[in-house]
Amino acid sequence: MKMMMKMLSIVVKILRTKSSLSLHNHCYNEYYKDKLF
Numbered sequence: 001m002k003m004m005m006k007m008l009s010i011v012v013k014i015l016r017t018k019s020s021l022s023l024h025n026h027c028y029n030e031y032y033k034d035k036l037f
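If you're matching positions, the sequence shown starts at 1 in the numbering used here and goes up one per residue.
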């Protein structure tokens, strides 16, 4: 359960960062696509 909460907070943090840096959204998306897939 604790792990889930940790993951959620990290995801929220990432999403907030992405929305505040909307200019860089595309770069972030490409970067994460590279890392994850």
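Just so you know, the hints here were simulated from the structure itself, not pulled from any lab data. Warning: the hint list may mix true and false statements.
Stated by the list, open to error - Below 25 Å or equal to it, Euclidean Cα-Cα: the simulated DSS-like pairs (lysine-lysine) are:
#1 Lys33 to Lys6
#2 Lys6 to Lys35
#3 Lys2 to Lys13
#4 Lys33 to Lys13
#5 Lys35 to Lys13
Note that the coordinates shown come from a computational prediction; the quantities given were computed from them, not determined experimentally.
Hints breached by this structure: Violated: none.
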